[in-house]
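**Q** Residue 240 in our numbering is what sits at position 240 of the sequence shown, and the numbering runs on without skipping anything.
In short, the hints are calculated from the structure, not lab data. Fair warning: this is a prediction, and the values are worked out from it, not measured in the lab. All clues stand as given, with none of them false.
Below are the DSS-like pairs computed for lysine-lysine, each with C-alpha atoms no more than 27 Å apart in a straight line:
| no. | residue 1 | residue 2 |
| --- | --- | --- |
| 1 | 317 | 260 |
| 2 | 277 | 148 |
| 3 | 245 | 317 |
| 4 | 180 | 63 |
| 5 | 277 | 300 |
| 6 | 186 | 200 |
| 7 | 180 | 245 |
| 8 | 155 | 27 |
| 9 | 27 | 148 |
| 10 | 317 | 155 |
| 11 | 300 | 200 |
| 12 | 186 | 58 |
| 13 | 27 | 46 |
| 14 | 300 | 155 |
| 15 | 186 | 245 |
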Amino acid sequence: MNLVSSMKTLGTLGEREAIRVIDRIVKSDVPVGIGDDCAAMDIGDKYLLVTTDMMVTKTHIPKGMGPYDIGWSLVAVNLSDIAAMGGRPLGVVTAIGITKGHPIDFLEQMVDGMNDCALRFGTSIVGGDTKEHEDLILCGTAVGEVDKDKILLRKGARPGDLIVVTGCLGRAGSGFFSLKRGLNLKEAENQLKRPWPRIKEGMALGASGCVTSCMDISDGLSASIFELSRNSGLTHEIDYALIPKASEVCLAFQDAERQKDLVLNFGDDFELLFTMKREREADLAALSEQVGCPLTVIGKVTSGEENILIDNGRREKLENLGYEHFRIRKA
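Can you make the complete structure from the sequences, with help from the hints?
**A** Shown next as structure tokens:
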């Protein structure tokens, strides 16, 4: 341990830098390890994908989220990582830490949510663990597979590639503030409580041969842009006017700056952010029709000095203000 790291706390580092600290310690020879949406292990003509994600009461379970929603969400966020790698889910295991005072029907409803989400996306709950804990804490692990020539990674973008998103952004964040302030934006609230992993879309993107990098948008668009940029060693330029925005964004906030913050930084939409070969842009319409989901070009990969946001024709530095554990709290 060096002197600098011994003097710092997780609060000064933030989640992403903490992961890089762990990555410097852990040694592995797998094809894809720490730093992508899943680990990828060689199993012949395919990669085995493995990912894990936690939910804790303080940071992941907002007011109005019932036990069924909690169970669904745990499985969905793990499956979203499989989707981001272009994979097909094979199974999910879940670990449950819960107080002895929780009602039995809370547990039943929560597991119903886990089970229904897994089945909806073509897989199942295949095991897990249950322990007494002072608060509700959950951990899911999803396993999937992908053909070696169809895997999607966070690295690989090239200068001139187009930046594309699935669906629209800002709906889950609008749902969060709807629950918090009683705005009754039901569709947005449902998006927050029951995320929809883009499994079909991820598999189609992997099979298309036109995608050069990909990840899911869990911590906000800005954070995801910076993560793709870090992995490619290139910069990204996005146009705010091109970003597909959920209709609820303008109902959650009237102030334009708050709306922009919601779209760029809140996260929890679990859409896919990817880069693609510019020469394949004409294929986007057919690909969108194939998966039944809008695919929208919002910018391009560049070789500049910093990530750029174009807003009303003005070029400005894109700030990395997405959600990050240990540092930033959604308020």
